[in-house]
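Number of protein chains: 2
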Amino acid sequence: MPNVYAVIMAGGVGTRFWPRSREKSPKQLLEIVGKKSMIQNTVSRISDLIDPKNIMIVTNKIQKLSIAKQLPNVPEENIITEPIGRNTAPCIGLAGLFVRRMDPEAVMVVLPADHIMHDEEEFRRVLRLATWVAYESGKLVTVGIQPTRPETGYGYIQVVDEDDGKNPYFKKGVYKVKTFAEKPNAETAKVFLQSGDFLWNSGMFIWRVDTILKEIETHIPEMYAELMKIDEAIGHKNYDNIVETTYKIIRGISIDYGVMEKAKEVYVLKGNFGWSDVGSWDEVYRISGKDENGNSITGQAFLHNTKNSMVYAGSKIVATVGVQDLIIIATDDAVLVCKQGESQEVKEVVDYLRRKQKNDYL
Amino acid sequence: MPNVYAVIMAGGVGTRFWPRSREKSPKQLLEIVGKKSMIQNTVSRISDLIDPKNIMIVTNKIQKLSIAKQLPNVPEENIITEPIGRNTAPCIGLAGLFVRRMDPEAVMVVLPADHIMHDEEEFRRVLRLATWVAYESGKLVTVGIQPTRPETGYGYIQVVDEDDGKNPYFKKGVYKVKTFAEKPNAETAKVFLQSGDFLWNSGMFIWRVDTILKEIETHIPEMYAELMKIDEAIGHKNYDNIVETTYKIIRGISIDYGVMEKAKEVYVLKGNFGWSDVGSWDEVYRISGKDENGNSITGQAFLHNTKNSMVYAGSKIVATVGVQDLIIIATDDAVLVCKQGESQEVKEVVDYLRRKQKNDYL
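If you're matching them up, the sequences are chains A and B in order. Residues 2 to 363, numbered by the working numbering, are exactly what the first sequence covers, in order. Residues 2 to 363, numbered by the working numbering, are exactly what the second sequence covers, in order.
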């Protein structure tokens, strides 16, 4: 078996989780679901599979220290920082440079830091199989999630669900990708769901490091050229400067758009392990335990004549009277009251705070 | 003209104003409406009429110091404390004992600490007239509020609105009370409103101190007997003990039920001065200024797609998304989210906190 490295992408703030998520305490460092932070759960979920010494984290300078504290078993030199977020392609390319130096034949498992899986055993089974396919085939591999609703917030992956004889892994439940589809409208999402051969694009990728770097070279050559400048600088005094300069001019582009959609052969495994990207407070409510009134409560709260609401009380006490379908999040310095189903709009609050330069609340 | 004393009743907590009102910072000591506290406004509203040296405050031991701080012009010895709240009759009787010692012919103007009047000039005109009638007639005088809606939360006063030749003050707009009515149901409240001869019972009273003490003696003789024990103890070492003992056994009874409803002759003046007892957060919203979306905001707040809501942000920032008809009150340690129209139920929250002995939040 190959050396397996995880690359955990942990650069975002998760503005939709305001007021809990802040620049200094972003979503992945919070205990949004469960008792450990999302990134701690992400690491411990794969710890049977990948040695913490083989776990790389890509983040930014603001978060680096907190991540190091939360993940004492991950070597500090494995925490790579980007000077600015430029979407997933540069992030994955940068991590690839470091992985290749350790083992040019290694398999990289790329995972977002802030997803959850209900059935972790099944998740690891899928990752093991994906790792083997990625290593043996030398192709790009991804995990698609079996859709459970006509979600318009995700991209979709259409699979070849008949055995055309050209896919040696078909019998193991590994499919060829037919096409990647952008986030659909509501109508199209329903069609996708009914068709049965569309999966949600989860943003999880498995490939050999040589494979992905070659694909970046083929499909985004100008980015590859910039990455090579960084590669030369690794271990030298001018590394920080070169990265800084490169990231100023590099295009912000996703690995999906830049590579996956253009690659000739991509394999996809079906994920049936209760995945959630925990993308909004609405989603947190959806996956939370609820009492007989449909309320989900964290902390000290008294809900009077209240239904289908989620309350996070932080260090305060929260009381509600006669309300329903609300999301209420109270932190030391801020309170959010949001209608269920509209928590995507929480980013508008963060935009407002940014415009008004209320930096203490960002 | 007689000596006029104000007796301001300031013993309540105003539990319906939780989380702003607490045992140590009750409603009347808060800036609920305007920039001064309710009791400060109550005192300054009558300062043209009554010298601060003639203002008595009846409160409890917890509030005494804060009241003294808020009202530096009121002599500290004028702040009388009750060991326990026993409704308005003992409170008024106790204050009467002190007023009688200063001037047995004085007129007492009894006012709640936590009401507001929009037209303060008109309010003072009514009080001046009431004072004169009370002094000259030696009768009980009250102020009824011209109703503007079929309110079920107040008692009503029916007036004799025709000149029967037995009321020397009729032409001045001073009426005889026909009857006092308890809080009506919704149906009855509509009838009261339409009839035109029903007024809201405002809880403001004007009378000579000798008149009210005599009326208490007549209608609640056992309370009068207890008050006399206190009267004897005034100025003596055992005063505190006697008051304590007396209040343990004294009946908690309102002046309305104990005296007003039983008295033979009561005069009432019509109040048309934009009165509010500011009885709930709903009422605060009703009298607040609102923006074009019907929102009333105090403090730092960002209301996104939000209508007809009131937000008090305290020292925090409050953000709302996609909600309407809410009352949101955030303090340092607590948050209330209440549906408009249900703020009477806020007392349920306080009851809960009391049951759970969460004394820090009371």
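Check each hint, because a few of them may be wrong.
Only some residues are given here: those of chain A computed to face chain B with a beta carbon under 10 Å [what the hints assert, rightly or not]:
# : residue
1 : L50
2 : I51
3 : N306
4 : T321
5 : T332
6 : D333
These aren't lab readings, by the way, just hints derived from the structure by calculation. All figures in this text were calculated on a predicted structure; none of them were measured in a lab. Glycine included, each C-beta is placed from N, C-alpha and C at the ideal position.
Hints, verified against the model:
{"no.": "1", "hint": "L50", "verdict": "39 Å, violated"}
{"no.": "2", "hint": "I51", "verdict": "39 Å, violated"}
{"no.": "3", "hint": "N306", "verdict": "7 Å, holds"}
{"no.": "4", "hint": "T321", "verdict": "5 Å, holds"}
{"no.": "5", "hint": "T332", "verdict": "9 Å, holds"}
{"no.": "6", "hint": "D333", "verdict": "8 Å, holds"}
Hint compliance for this structure: hints 1, 2 are broken, all remaining hints hold.
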